[in-house]
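Please model the entire structure based on the sequences and the hints provided.
Quick mapping for you: the protein sequence lines, in order, are chains Z and E.
Using my numbering, the first residue of the first sequence is number 1, and each one after it goes up by one.
Using my numbering, the first residue of the second sequence is number 841, and each one after it goes up by one.
Partial pick of chain E residues on the chain Z-facing surface, computed with a CB cut under 8 Å: (1) P879; (2) T881; (3) P884; (4) G885; (5) S886; (6) M890; (7) N895; (8) R897; (9) G898; (10) V900; (11) I901; (12) T932.
Distance ranges between label pairs, derived from CB positions: (13) E/G911 to Z/K631: 55 to 63 Å; (14) E/G876 to Z/E795: 25 to 33 Å; (15) Z/E38 to E/I868: 54 to 62 Å; (16) E/I868 to Z/E472: 23 to 31 Å.
These aren't lab readings, by the way, just hints derived from the structure by calculation.
All C-beta atoms, glycine included, are put in the ideal place defined by N, C-alpha and C.
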Amino acid sequence: MPSDNAEFLHEFVAESREHLDTSEHSLLRLTREPGDAEAVQACFRALHTIKGGAGFMGLDRIQGLAHVAEQLLDAVREGRATAGPGICDALLAAVTRLRELVEAAEQSAAPEGDEDGLIERIRSLLPAAPPEDYPATPGGSAQNATSRRIGRPSSPPSDETPLDAIAGELVATDPADQARMAQCVERLAQAIVRRDGPDAASCELAGMRILVESLADPAQRQRAHTDILSLAEMAVNRVISARLRRAAAPAAASLAAASGAEPTITDFLAETGDLLSRAEAVLLAAPHPDPSQVEELFRCFHTVKGMASYLGHGRIEALAHAIEGRLTGARDAGLQLPTELHQLALAGIDALRCLATELKRSGTDRGPWPPTAARFATELGLLAEARGDGEDVPLGVPRIGDLLVETGSVSRADIEAASADLKPGERLGDKLVESGKITREQAEQAAAKQAEIAAKVQGESFARVSIGRLEELVNLVGELLITQAMVSQEPEITSSPRLSQVIGRQARVVRDLQSLALSLRLVPLRATFQKMARAVHDTGRKLGKQIDFQIQGDDVEVDRTLAEAIADPLLHMVRNAVDHGVEDAAGRTAAGKPAAGVVRLAAAHSGDHVLIRLSDDGKGLDPAKLVAKAKEKGLIPIDARLSDAEAFNLIFLPGFSTAAAVTAVSGRGVGMDVVKRNVDRVKGRVEIASEVGRGSTFTIRLPLTTAILDAMVLRVADERLLVPITSVIEAIRPAAGQVGEVMGRGRVIEARRQLVPVVALGQVFGIGGAEADPTRAVLLVLEREGGALAIQVDEILGLQQVVIKPLGSDRPHHPGIAGSAIMGDGRVGLILDPGRLLAD
Amino acid sequence: MTGNAPAVSVSGTYLTFQVASEEYGIEILKVREIIGMLPITPVPGSPAVMQGVVNLRGKVIPVLSMRTRFGLPPGEPHPHNVVIVVDGGDGTQIGLAVDRVREVAKFSEVDTEPPPSYGLNIDASMVAALGKSQNRIRILLDLAKVLAAI
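And the structure:
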């Protein structure tokens, strides 16, 4: 395998994860609504893409499993099977297993266990006669070779021997055995031509064939043998690189779109052009193509479809797929092509050419349909007539008409009337404006609204950038911000009103740039929430509980690190909600509740925080029971009196578990204390509200980003220290005698009617030259878990928003230091963690 | 340690630098860049060898004092003082504070000798070989050992 394999593998793994998330999400939707065709389609596509990618990467097991799962979905899609619980569960299991296999592939490890049983299980669910998804190859490979010029990304035949295996055989073969060598070379050539076309490694293959002749001559044998082997290696490398390139094409295309270079589109257009010309030639040569010609036509469209699917050219894929579908009947029946299909195929070629031209022009297969293609697509029923607005809106994006009706600008009847005589390529909005139903403004507003939603829906699929580069961008922007600040303070600039005005404008741009850069780290909570949907499904099924899981606000965005940090705690809480929160069916009926328990997961913005709320309508937490339990376990004094809120918070104590019995689902040692710790770590908070018999609500309050901190800048001798502004309660300049000594406990000060320990930062951090006399220093009272704390510093320098950076060192340091930030003068300041200043 | 022969070849190109009166070398391939002395922020509670952290174009990286690492007292600041930024593995960068940079020198197999088992002023485990050329002796360091946690 070539060395760039790792990069492609990485790309494949990242893509597959996304596709698996999509599949899982769709399957869960399908479990709830077995007739959801959109979900079937989405899942099918996702698995199909994974299969194709795995084929290229030579990940046979992933490919195999994805293939059967895809077959099953295909059966569901075509109505040959019904998506009952059996099928959904099997497919969910397949997704889980695929995830494991993908993870293993990422680690380059051999996956544990096997999936043979699972594959059998899925096969057993397949309807009796699954259609051949790939046509059998008719005889005469030479004749057909040109029609298979391009690899069929989505259709690796199962009997294919990997190239390296054949190459390995070649190496192992005795050079004197010329016949055997020739046979190996031919097999290699066939394997390459079959999947990659005759041009894939034609020079190497030709060279090998010539050299095989030379093997007969003992004098030349050794030399020829060496050359054959190196040619074989080159051929295999070249072909595999090409396959990998194609596998990575979707990502490459999206990245290339940003950089302007578009080699894959060029390739695609060239190949598509060839295939369409070839199909056209067949059609024009024969008014009634015979079965073998139909076969060839079929393959042309099939290949165009495969490539388009791979590169994400959705419309071309859809059209080619539809044409291919129409041809299937004639091909399978072995009949001549009927006249109407002949015409359809020709029209299809025109339409595809149109889309290809559009793709070449705009670089994307999105946007308004070109008229010819629109007409053809409408004819095929791909572009619904009712929609008729000539728009290609992705799933989840409302149509202009719907938006207009929603805003009350126009009636549904008007829309229908207008779209009835809408010509292809004409826009509904224009039509309505012309006919005076709406104003131009209303049309534009609706279009803007639609674009906004479309951007949201498609937002994630634009470009994939490595986190490393993103961090670097944030770093550089931070640096820019600092140099900018330095420049603006230069006397030469401050003395010139004109210059300082320009610099001021620049400062605003730089700040905008910074917030943009930081926003790049944000991800929607969707993926995290989808994981929870799966957990609810699995847990509910295991416990035999019926759960109605509702998600809200999964488009709320949080910092990537936050999304990762809360995934585990949330998972635990969700399982808890299903396990401990929601009663079993009998209990619910007895309590007069519907049999299905409701678990809701909602996210919303609140100021500069994000709130994630998990609520259930279960039995709720009983404060009295919690207190009794905590006393019994010796976690609180026997005479303690707690408020309800305090009682609820008991569940965060290590060693506290409310489950009477430890079930298989939750309560395996990891408790709510771990949840709390994880949330604390990202500066979040968990709050509980609960009512006995009515249910509980857990609210996780998170900062918007972990990357930026509003800090108070403090000075201790020559060092600058930063403390999160949210933890500062008050600043005190103590009078003489206000700071007292408590025997054995050091200095304390009375603040907010309690004694608060005083920590002289200069002393605990060993900073020389710090002010020792508290009355000449400043005390900052900080809020922290386990009571307030006052830190003694020399001076408060001000407030500053800083970008939090890790210390970049794994060497130990004082636990009270949480990180660092770059200050206005370019030096590094240290950020304090008030909670851990007194940890030792 | 079995014998003095280095397990791997130590020949190659080295960046040499001076700390106190000795000249040391580290493999040039591990060197990212050389930067002038920056204001270093000490990190409380960290080991003595860690002089602090600096801002390297927006990235915070640790700086290790080679004087402390070699068991020497801190020197007087000098305009020649620099920080050599090296690859710390896993994409991390670490700065090495040295007195001054000397040169980039090539050492072939014949120019190098296994480290002596005695007579060195520094911890011998850090030394990959002694490099001899132009009648000078340079101590060629094993960077991984130099960076090893202390």
